[in-house]
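Asks: Chain residues, written in single-letter form:
Number of protein chains: 2
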Amino acid sequence: MIKFVILGFLMHKELTGYDIKQIMIHSTSNFMNASFGSIYPALDRLEKDGLITATKIIEKGKYKKVYAIHETGKEVFIQWLEEPMDFMKSYEDILAKIFFYGHLPKEKAIRHIEHLIEDIHKKIENLEKLETKIKDIADRFEISTLYFGIDHLKFVVGWYGRFLNDLKKI
Amino acid sequence: MIKFVILGFLMHKELTGYDIKQIMIHSTSNFMNASFGSIYPALDRLEKDGLITATKIIEKGKYKKVYAIHETGKEVFIQWLEEPMDFMKSYEDILAKIFFYGHLPKEKAIRHIEHLIEDIHKKIENLEKLETKIKDIADRFEISTLYFGIDHLKFVVGWYGRFLNDLKKI
DNA sequence: TAGCGCATGTAATATGTTACATGATTTC
DNA sequence: GAAATCATGTAACATATTACATGCGCTA
Numbered sequence: 001m002i003k004f005v006i007l008g009f010l011m012h013k014e015l016t017g018y019d020i021k022q023i024m025i026h027s028t029s030n031f032m033n034a035s036f037g038s039i040y041p042a043l044d045r046l047e048k049d050g051l052i053t054a055t056k057i058i059e060k061g062k063y064k065k066v067y068a069i070h071e072t073g074k075e076v077f078i079q080w081l082e083e084p085m086d087f088m089k090s091y092e093d094i095l096a097k098i099f100f101y102g103h104l105p106k107e108k109a110i111r112h113i114e115h116l117i118e119d120i121h122k123k124i125e126n127l128e129k130l131e132t133k134i135k136d137i138a139d140r141f142e143i144s145t146l147y148f149g150i151d152h153l154k155f156v157v158g159w160y161g162r163f164l165n166d167l168k169k170i
Numbered sequence: 001m002i003k004f005v006i007l008g009f010l011m012h013k014e015l016t017g018y019d020i021k022q023i024m025i026h027s028t029s030n031f032m033n034a035s036f037g038s039i040y041p042a043l044d045r046l047e048k049d050g051l052i053t054a055t056k057i058i059e060k061g062k063y064k065k066v067y068a069i070h071e072t073g074k075e076v077f078i079q080w081l082e083e084p085m086d087f088m089k090s091y092e093d094i095l096a097k098i099f100f101y102g103h104l105p106k107e108k109a110i111r112h113i114e115h116l117i118e119d120i121h122k123k124i125e126n127l128e129k130l131e132t133k134i135k136d137i138a139d140r141f142e143i144s145t146l147y148f149g150i151d152h153l154k155f156v157v158g159w160y161g162r163f164l165n166d167l168k169k170i
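Quick note, the sequences are listed as chains V and L, same order. Just so you know, we're using full-length UniProt numbering here: the first sequence kicks off at 1 and counts up by one. Just so you know, we're using full-length UniProt numbering here: the second sequence kicks off at 1 and counts up by one.
Since the hints were derived computationally from the structure, they do not count as laboratory data. Careful, some of the hints might be misleading.
Some chain L residues close to chain V (C-beta under 8 Å, calculated; not the full set) [as the list claims (entries may be wrong)]:
#, residue
1, His26
2, Pro84
3, Ile134
Dumping the calculated DSS-like pairs for lysine-lysine here, alpha-carbon to alpha-carbon at most 25 Å [what the hints assert, rightly or not]:
#, chain 1, residue 1, chain 2, residue 2
4, V, Lys106, L, Lys135
5, L, Lys168, V, Lys135
6, L, Lys21, V, Lys123
7, L, Lys135, V, Lys168
8, V, Lys154, L, Lys154
9, L, Lys135, V, Lys135
10, V, Lys3, V, Lys65
11, V, Lys135, L, Lys129
12, V, Lys21, L, Lys129
For each residue, glycine too, the CB sits at the ideal point set by N, CA and C.
Please work from the sequences and hints to get the whole structure.
Replies: Here's what the structure looks like:
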């Protein structure tokens with residue numbers, strides 16, 4: 001996932017690996033806060049794949065590698081953004097996409113979020129079925145984690161619902 | 001984390017790798033649903049470390065390996081359970097512990113959850129500070145992911161608070 | 001006899017962290 | 001002149017997934 005987040009940052013402007021880390025701390029740390037040990041190898045990979053280019057410069061006596069995104073990089077990024085969200089893959093993945101949804105036409109963003117909400121509703125139904133099955137055999141802690149799961153998904157679906165409404169209004 | 005979940009299941013009774021997978025589907029799938037590709041290697045590892053023992057049997061013509069937990073395995077499991085929860089390590093990790101909190105004296109469980117709630121409150125404060133910093137430069141989607149983070153932690157902390165009250169009552 | 005459920009396992013791959021190594025500039 | 005910040009990078013490790021390979025027993 002980190003490669004897409006990096007591409008997303010590079011959509012705005014050219015950055016060094018260090019810059020990317022700083023931006024993460026101040027913007028995405030809430031759902032994604034990669035270490036240098038994953039940022040630098042990811043940049044290498046992206047360069048080898050021809051999605052970005054590095055320019056080596058010396059600024060104030062400091063050696064730097066400034067990365068810029070290519071057209072192909074932009075395409076790969078938008079393609080990732082347009083893939084439907086899979087809420088099963090941790091909510092961090094979803095937030096990573098929503099974070100960059102400004103790059104998508106509003107109608108597409110709306111459609112993706114509507115789909116997501118439907119999927120989560122189905123999942124809630126499944127968990128509620130599971131609950132009736134196991135509530136007699138599970139202890140209070142065990143069943144509580146299931147209740148947490150249900151309540152959590154209800155919170156998430158409520159939040160996305162409100163977000164969607166705001167989005168439609170403007 | 002999977003090794004502790006496996007130890008937790010084995011606290012109740014002896015199980016095969018296949019059994020463990022089935023139990024996960026029907027109880028923890030909501031926050032942990034490991035594949036066979038991680039269950040079997042984990043069982044091997046636990047056996048090599050002397051925390052569990054395998055007994056090879058043939059039942060209804062089917063070859064099986066039934067695993068039982070050792071005293072050392074129980075100690076390692078309880079030790080893991082008694083470590084304070086770190087809410088930074090995904091909420092799955094927290095649910096995994098709460099799931100097995102029935103193995104802990106009630107007062108300890110309460111203390112751990114109280115600590116957790118305090119930590120999350122601090123994190124919420126940090127995110128709110130971050131919000132005032134970036135709200136002028138972030139776009140609607142970018143800032144929304146931060147709002148999600150804050151709302152999400154508030155939901156989580158509220159849920160744990162209610163859970164704690166229920167726990168204290170009984 | 002085909003397919004499903006039970007049952008175990010491995011190899012390739014993905015994805016990341018932590019700790020370490022290095023060295024410059026800026027700030028106190 | 002010490003400490004913090006800027007800046008890049010690698011090696012070892014952790015953790016898990018996916019896909020594949022194997023084979024038995026039961027049921028329609």
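Asks: All the hints need checking, so say for each whether the structure fits it.
Replies: Hints and how they fare:
no., hint, verdict
1, His26, "6 Å, holds"
2, Pro84, "17 Å, violated"
3, Ile134, "6 Å, holds"
4, Lys106(V) / Lys135(L), "21 Å, holds"
5, Lys168(L) / Lys135(V), "21 Å, holds"
6, Lys21(L) / Lys123(V), "20 Å, holds"
7, Lys135(L) / Lys168(V), "21 Å, holds"
8, Lys154(V) / Lys154(L), "14 Å, holds"
9, Lys135(L) / Lys135(V), "44 Å, violated"
10, Lys3(V) / Lys65(V), "17 Å, holds"
11, Lys135(V) / Lys129(L), "41 Å, violated"
12, Lys21(V) / Lys129(L), "19 Å, holds"
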